[in-house]
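Start from the sequences, fold in the hints, and give me the full structure.
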Amino acid sequence: MAVGLDFNGTAQQVNNFVSVSIQFDKPGACKARGSDLRVHFKFIKMKLDTSGLESTAPFFGSSNELLDGFSAAPFFEVPNTTNFDGFQKEAIQMVKPAKGTTTLAFIFKEGVMVAADSRASMGGYISSQSVKKIIEINPYMLGTMAGGAADCQFWHRNLGIKCRLHELANKRRISVTGASKLLANILYSYRGMGLSVGTMIAGWDETGPGLYYVDSEGGRLKGTRFSVGSGSPYAYGVLDNGYRYDMSIEEAAELARRSIYHATFRDGASGGVASVYYVGPDGWKKLSGDDVGELHYKYYPVTPSTVEQEMVEVAGA
Amino acid sequence: MARYDRAITVFSPDGHLFQVEYALEAVRKGNAAVGVRGTDTIVLGVEKKSTVKLQDSRSVRKIVNLDDHIALACAGLKADARVLVNRARIECQSHRLTVEDPVTVEYITRYIAGLQQKYTQSGGVRPFGLSTLIIGFDPYTNSPSLYQTDPSGTFSAWKANATGRNSNSIREFLEKNYKETSGQETVKLAIRALLEVVESGGKNIEVAVMTKEHGLRQLEEAEIDAVVAEIEAEKAAAEAAKKAPPKET
Chain A
1 MAVGLDFNGT AQQVNNFVSV SIQFDKPGAC KARGSDLRVH FKFIKMKLDT SGLESTAPFF
61 GSSNELLDGF SAAPFFEVPN TTNFDGFQKE AIQMVKPAKG TTTLAFIFKE GVMVAADSRA
121 SMGGYISSQS VKKIIEINPY MLGTMAGGAA DCQFWHRNLG IKCRLHELAN KRRISVTGAS
181 KLLANILYSY RGMGLSVGTM IAGWDETGPG LYYVDSEGGR LKGTRFSVGS GSPYAYGVLD
241 NGYRYDMSIE EAAELARRSI YHATFRDGAS GGVASVYYVG PDGWKKLSGD DVGELHYKYY
301 PVTPSTVEQE MVEVAGA
Chain B
1 MARYDRAITV FSPDGHLFQV EYALEAVRKG NAAVGVRGTD TIVLGVEKKS TVKLQDSRSV
61 RKIVNLDDHI ALACAGLKAD ARVLVNRARI ECQSHRLTVE DPVTVEYITR YIAGLQQKYT
121 QSGGVRPFGL STLIIGFDPY TNSPSLYQTD PSGTFSAWKA NATGRNSNSI REFLEKNYKE
181 TSGQETVKLA IRALLEVVES GGKNIEVAVM TKEHGLRQLE EAEIDAVVAE IEAEKAAAEA
241 AKKAPPKET
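Protein chains in written order, with UniProt numbering: chain A, 1 to 317; chain B, 1 to 249.
Keep in mind the hints are simulated off the structure, nothing from the lab.
Treat the hints with care, as some may be off.
Below 30 Å or equal to it, Euclidean Cα-Cα: the simulated DSSO-like pairs (lysine-lysine) are [what the hints assert, rightly or not]:
(1) 203(B) with 78(B)
(2) 132(A) with 285(A)
(3) 109(A) with 286(A)
(4) 298(A) with 222(A)
(5) 212(B) with 171(A)
(6) 118(B) with 162(A)
(7) 171(A) with 118(B)
(8) 109(A) with 171(A)
(9) 212(B) with 243(B)
(10) 203(B) with 29(B)
(11) 159(B) with 48(B)
(12) 29(B) with 159(B)
(13) 159(B) with 171(A)
(14) 171(A) with 179(B)
(15) 212(B) with 222(A)
(16) 286(A) with 222(A)
(17) 188(B) with 203(B)
(18) 212(B) with 242(B)
Some chain A residues near chain B, calculated using beta-carbon distances under 7 Å [what the hints assert, rightly or not]:
(19) 177
(20) 178
(21) 181
(22) 206
Negatives, chain A to chain B, calculated, CB over 12 Å [unchecked claim]:
(23) 122
(24) 160
(25) 170
(26) 191
Values in this document were obtained by computation on a predicted structure and should not be read as measured data.
Note that the Cβ used here is the ideal one computed from N, Cα and C, for glycine as well.
Have a look at this one:
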């Protein structure tokens, strides 16, 4: 049995069986008895001076003349604001990563098409043009990455482990519904702790093609068309305009590619290579990975045009 | 204070877990229960002790459902059964919540067996004194299944099985007479098996039938009596055919 003492002199048995309180205001020996516990103490003086722990600093900004510019406890400047809680929320928003990327996925007649760009940015600095944003969870399920790259990579890999364990224990593949729910529950338990994940889980299971959007706020949505990231408004525009349920695989791939390209054209945080994956009954397959710069000239080739005025060398002086 | 860390189930020098074996004894003293799997129907039958006059028989249901598509019957300590069934029902719903899918029969059997095993390897607890027969249809594949668990925590799938009192004789009968059946034939086979050890009559058996479309259905006493009557008639006809000398042309 362990006994802990705090400065007020209340002894609590750690195993929750007995609570003993001991008064310390009298010097000299004192005895206390609880079941199975007998305590003897001898003290000279046990009164703690706690005045130093009290804060003497003024709560709002202005210095206190009475303190002669010298305060007993440290204090910090708190900004003059009427909305202290709102200010905290704004500060959190400022550091919140803006999910600079473009990813999209949609279900069509033949299965699921998943596409993403490959640019990673740190503020205004492009840190990489070749990031793999489509993560292969297992041979028949894909996840997309938006938000914190490390968060997405780690949790998708973790999800892959859980999916495999499920397969081994239950002798059948996990459904896309189940996999997305596992991830959503994990992210929900970390809610508010700073994870930044905006992902889509796309796959093919017993019930056919499946597509779910899962984010670090704990949200989970089932749908047929999603785009996530800073470039998503641009991608949605092209995707929603060109989408039809009965498309062939090539048409769908071209639509996905074009949507990513248009997003990378207008959004500074998206760029690099537009990768397109297809998920069918036999699993996923990477269809293409085109540099968006080259895609630009493919869609908008430079045509020689007549020049209105030509500069000619003036002969002589 | 006594701490609950001393195990009750410990190995004997020759490798037996006596508490588990005693639990199996308790099962052997329990009411007979039989399960038969057909191609589209699964039947559970349980021996019912003659109803005490003042007891409300509806409150002593021996065949319970764990979910819409899974049912359980058991032999042994009924109080232990109640606890186990409650935990299994919670697990069925929890599974629905976390993976948005109903449990498969194998999953919930594995869970119940795992629970029974845990109580053979923990401090201060005794094993559950019951063996269960779990039936159901898997979602999506719709294949019928019958599983049995026992106090040691082992489980296996069966085409037909019995547990409880005289389960050996019932199993022998089933081994001799089992064939792939469907619908009413499966019900008849199960009742025939149970009648081997139980006094004849609808009052002494409780039968439940599970189908994919209708889930679990408890048979009324009248229905059971009708099937029993059919079986008796068939038996009598078979006896008569044996006794009468074969007609020679």
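Outcome of the hint check:
For the hint pairing residue 203(B) with residue 78(B), the CA-to-CA distance comes to about 20 Å; that is within 30 Å, so the pair holds. With a C-alpha separation of about 15 Å, the suggested pairing of residue 132(A) with residue 285(A) holds against the 30 Å cut-off. Only pairs whose Cα atoms come within 30 Å are accepted, and residue 109(A) paired with residue 286(A) is accepted, the gap being roughly 18 Å. The hinted pair formed by residue 298(A) and residue 222(A) fails the criterion: a straight-line CA distance of about 34 Å is larger than 30 Å.
Only pairs whose Cα atoms come within 30 Å are accepted, and residue 212(B) paired with residue 171(A) is accepted, the gap being roughly 22 Å. Only pairs whose Cα atoms come within 30 Å are accepted, and residue 118(B) paired with residue 162(A) is accepted, the gap being roughly 23 Å. Proximity of residue 171(A) to residue 118(B) is assessed by CA-CA distance (about 23 Å); at most 30 Å being required, the pair is judged to hold. As the CA atoms of residue 109(A) and residue 171(A) are separated by approximately 28 Å, the hinted pair is consistent with the 30 Å bound.
Taking the CA atoms of residue 212(B) and residue 243(B), the gap is about 42 Å. The hint is violated against a cut of 30 Å. A threshold of 30 Å between alpha carbons decides the hint, and for residue 203(B) with residue 29(B) the separation of about 20 Å falls inside it, so the pair holds. Note on residue 159(B) and residue 48(B): the hinted pairing holds, with a Cα-Cα distance of about 23 Å set against a maximum of 30 Å. Of the supplied pair hints, the one linking residue 29(B) and residue 159(B) holds, its CA atoms being roughly 24 Å apart against a limit of 30 Å.
For the hint linking residue 159(B) to residue 171(A), the alpha-carbon distance of about 20 Å falls within 30 Å, and the restraint holds. Restraint check for residue 171(A) and residue 179(B): the C-alpha separation of about 28 Å stays at or below 30 Å, so the hint holds. For the given pair, residue 212(B) sits about 28 Å from residue 222(A) by alpha-carbon distance, which is consistent with the 30 Å threshold. For the hint pairing residue 286(A) with residue 222(A), the CA-to-CA distance comes to about 23 Å; that is within 30 Å, so the pair holds.
At roughly 16 Å between alpha-carbon atoms, residue 188(B) and residue 203(B) fall within 30 Å of each other, so this suggested pair holds. For the suggested pair residue 212(B) and residue 242(B), the alpha carbons sit about 40 Å apart, so the restraint of at most 30 Å is broken. Checking residue 177(A) against chain B by beta carbon gives a least distance of about 5 Å; that is within 7 Å, so the hint holds. Against a cut-off of 7 Å between C-beta atoms, the interface hint on residue 178(A) holds, since the closest Cβ of chain B lies about 3 Å away.
At about 6 Å, the closest approach between the beta carbon of residue 181(A) and any beta carbon in chain B falls short of 7 Å, and the interface hint on this residue holds. Taking 7 Å as the C-beta contact cut-off toward chain B, the hint placing residue 206(A) at the interface holds, the least distance being around 5 Å. The claim that residue 122(A) lies off the interface holds: its Cβ sits roughly 36 Å from the closest Cβ of chain B, which is beyond the 12 Å cut-off. No Cβ of chain B approaches the Cβ of residue 160(A) within 12 Å, the least distance being about 16 Å, so the stated non-interface status holds.
Interface exclusion of residue 170(A) from chain B breaks down, the closest Cβ pair being 6 Å apart, not more than 12 Å. The beta carbon of residue 191(A) is kept farther than 12 Å from every beta carbon of chain B, the shortest such distance being approximately 17 Å.
Hint check: violations occur at hints 4, 9, 18 and 25; the rest are consistent with the structure.
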